[in-house]
Amino acid sequence: MNILGISAHYHDSAAALVVDGVPICAVQEERLSRHKGDAAFPLLAIEWCLQNARIEPDDLDAVVFYERPMLKFDRVLTCALRAFPQSWRAFPKAMKNLLGEKVWMRGIISSQLGVPGRKVLFTEHHQAHAAAAFLTAPTRRAAIMTADAVGEWATLSVGDGERGSNGTTKIRRFREIRFPHSLGMLYSTFTAYLGFKVNEDEYKVMGLAAYGKPTMVEQVRKLICRTPDGAFALDLSYFEFHTTAKRSYSPRFAELFGPPRNPYEPIDLDTAEGQRFADCAASVQRVLEDTLVELARTLHQETGLADLCFGGGVALNGVANARLLAESGFERIFVPPAPGDAGCAMGAALYCDRIHFGNPDRDLPDHPFWGPSVDGSELARIAQEDGHHVETLRDSALIEQTADDLAANRIVGWMEGALEFGPRALGHRSILTAPRTTEMRDRLNREIKYREPFRPFAPVVPTDVAGRYFDIPRGGTRLARFMSGVFPVRPEWKSQLQAITHVDGTARVQVLDPAMAPRLHALLEAYGQRTGIPVLLNTSFNLAGEPIVNRAVEGYSTFLRSKIDVLVAGGTRVTKRSSAVGSTEAERIREEVA
Amino acid sequence: MIKTRGKTRRGLIVFGSTFGSMAQLARGLWQSDSDKRWLTPLAVFLCVTGLLLILGTAVEALAPFIYSIW
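Each protein sequence line maps, in turn, to chains A and B. Under our numbering, the final residue of the first sequence carries the number 601; numbering is consecutive throughout. Under our numbering, the final residue of the second sequence carries the number 64; numbering is consecutive throughout.
Don't take every hint at face value.
In silico lysine to aspartate or glutamate, EDC-like type, Cα no more than 20 Å apart, as pairs [as the list claims (entries may be wrong)]:
id: 1; chain 1: A; residue 1: 583; chain 2: A; residue 2: 459
id: 2; chain 1: B; residue 1: -3; chain 2: A; residue 2: 207
id: 3; chain 1: B; residue 1: 1; chain 2: A; residue 2: 159
id: 4; chain 1: B; residue 1: -3; chain 2: A; residue 2: 65
id: 5; chain 1: A; residue 1: 570; chain 2: A; residue 2: 446
id: 6; chain 1: B; residue 1: -3; chain 2: A; residue 2: 68
id: 7; chain 1: A; residue 1: 456; chain 2: A; residue 2: 553
id: 8; chain 1: B; residue 1: -3; chain 2: A; residue 2: 63
id: 9; chain 1: B; residue 1: 30; chain 2: A; residue 2: 68
id: 10; chain 1: A; residue 1: 43; chain 2: A; residue 2: 207
id: 11; chain 1: B; residue 1: -3; chain 2: A; residue 2: 454
id: 12; chain 1: A; residue 1: 229; chain 2: A; residue 2: 159
id: 13; chain 1: B; residue 1: 1; chain 2: A; residue 2: 54
Simulated from the structure, these hints should not be mistaken for laboratory data.
Isolated chain A, as found in the complex:
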């Protein structure tokens, strides 16, 4: 049975293909269209999925959209009427936006793919999140929590899931919190207030939070209060996201927290104003964590289960995830590599397979690499045409050579195998470098990533030695598999891991199993042999404002436009004409390091 899952029209559209109950491929539209956060109908992603699986649209048994557009329309209409007269300006725009296209998804999918309308199915948004979190996790029974800005009506849901021994799958929802009361919207409102892009830059608020003190927690708690039934409610007088598309917060919000940040002015943490923004970020982060922990603790007491599967955009908050693990009572927390809306494409397809069609449960591959593969020969061809130094090496030689480069403080663009599905670069499209000094962090920020200095970089470390360098609690390894948890760097290693140690002494660490990315694992070991510390700085292979690279040519373009020293794709290694490092030079470095 061939099932295509689609997420689109909000942000980060994607397609995923499930064949006979197992995902075959999945990719975000932005990786192919090269428009960051592309929300368009993911025609390129669908086309690639079908081509990759060698099937035609006629061969699809179902195409599943990740939300119910009519239910969303119901929500928009109801909320607009509730908020009248404040909503009168936004109402025509919202209606035109929805009714001009988005609500007619059955027809749009049918017209774009040529599949009959009866094959087009819908899941609820949070069902898709729940399925993406639970059905991809290696657990038989788990509590499920999903939290994001908003789906149709739900903004947060709790329930449980069970994969029975007879092959049946159950996903139950106990209860949900509905729009406009939303943890995601609360966090996004602060994202907007702090001058960052909503739905894109929430991670910057998390990074900034480490520089501040939660001195405004009491003010934030005025915005969100707990209700007697264990849920929460926002005080809507502080918000405007439910009445207008122009601004998320009301004048009352600005009265409470002070003037908002001008997005065009950098945050100077040495000034009182900069520190106020950092304190704001720290305060909302604290309230978000506290609320999630309380909700999860209740869910744990209710289900008595050891595992929690956590999905939705809020699950990208690694600091909150680590606190959930430490304080909620759950022993393991599973966050999928794509917990946001893109991952709903896969969730919707899996939900349809297991629940709608009742197909038997399958164990799924536990990795994030579902996208197009990189072609090293393509890189060799274009780099040779441009006269750069190109080598095609065997695996072992390439790893030794790259370890030499890294040990000599070179910055390496690393592309191998299939592209990651989700926002994190987990070792197949990464920029790798030595994690030792703050100079390296500053160089990366200044010369390659062109980003705010307060944002941290993440490390990657082999699973078996992760505990030596990072204080990873029991169950934390699972969270760190897809870089979903933030854990302390052990004090004795901080001075040698300066580039990846955030200001609060933590790191969003990725622990790597050899089975998941064998070449990167071998590279870590080779680098460890040279330097004594098998830890590398691993950041996504892209420049500011661009999506993560997909094909070799995109990696090559990024390599040329930045100060990346070495580019590796498959078995091909490229160095720039001006800085080509020949084998003699590599030997000298090896000697130096030894």
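Please build the complex by placing chain B on the supplied structure of chain A, with the hints as guidance.
Just chain B now, with coordinates in the frame of chain A:
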């Protein structure tokens, strides 16, 4: 390989599918337990408006007539 269809053809397919979606919405609102029956006529009216928008976009020859409604 996905077959590329013309804009008009795609628009007409979307148009043809709208009636089922509208009926689904109306049924959902009518049967909703949160007493939203009163919303049904407004929702259907808005959907018909959206439907005209689609028709206007898909069949450009009709656009002047449709836009003249407003």
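Evaluated hints:
1. 583(A) / 459(A): violated, 27 Å
2. -3(B) / 207(A): Given pair residue -3(B), residue 207(A) is violated - Cα atoms ~33 Å apart, limit 20 Å.
3. 1(B) / 159(A): Given that 20 Å is the threshold and the Cα spacing comes to 29 Å, the pair is violated.
4. -3(B) / 65(A): Holds, at about 11 Å.
5. 570(A) / 446(A): Holds - the C-alpha atoms of residue 446(A) and residue 570(A) are around 14 Å apart, at most 20 Å.
6. -3(B) / 68(A): The given pair, whose Cα atoms are some 18 Å apart, holds under the 20 Å limit.
7. 456(A) / 553(A): holds, 10 Å
8. -3(B) / 63(A): holds, 10 Å
9. 30(B) / 68(A): violated, 35 Å
10. 43(A) / 207(A): At roughly 10 Å apart (the allowed maximum being 20 Å), residue 207(A) and residue 43(A) satisfy the hint.
11. -3(B) / 454(A): violated, 44 Å
12. 229(A) / 159(A): Given pair residue 229(A), residue 159(A) is violated - Cα atoms ~26 Å apart, limit 20 Å.
13. 1(B) / 54(A): holds, 19 Å
The structure fails hints 1, 2, 3, 9, 11 and 12 (numbered hints given earlier, in ascending order).
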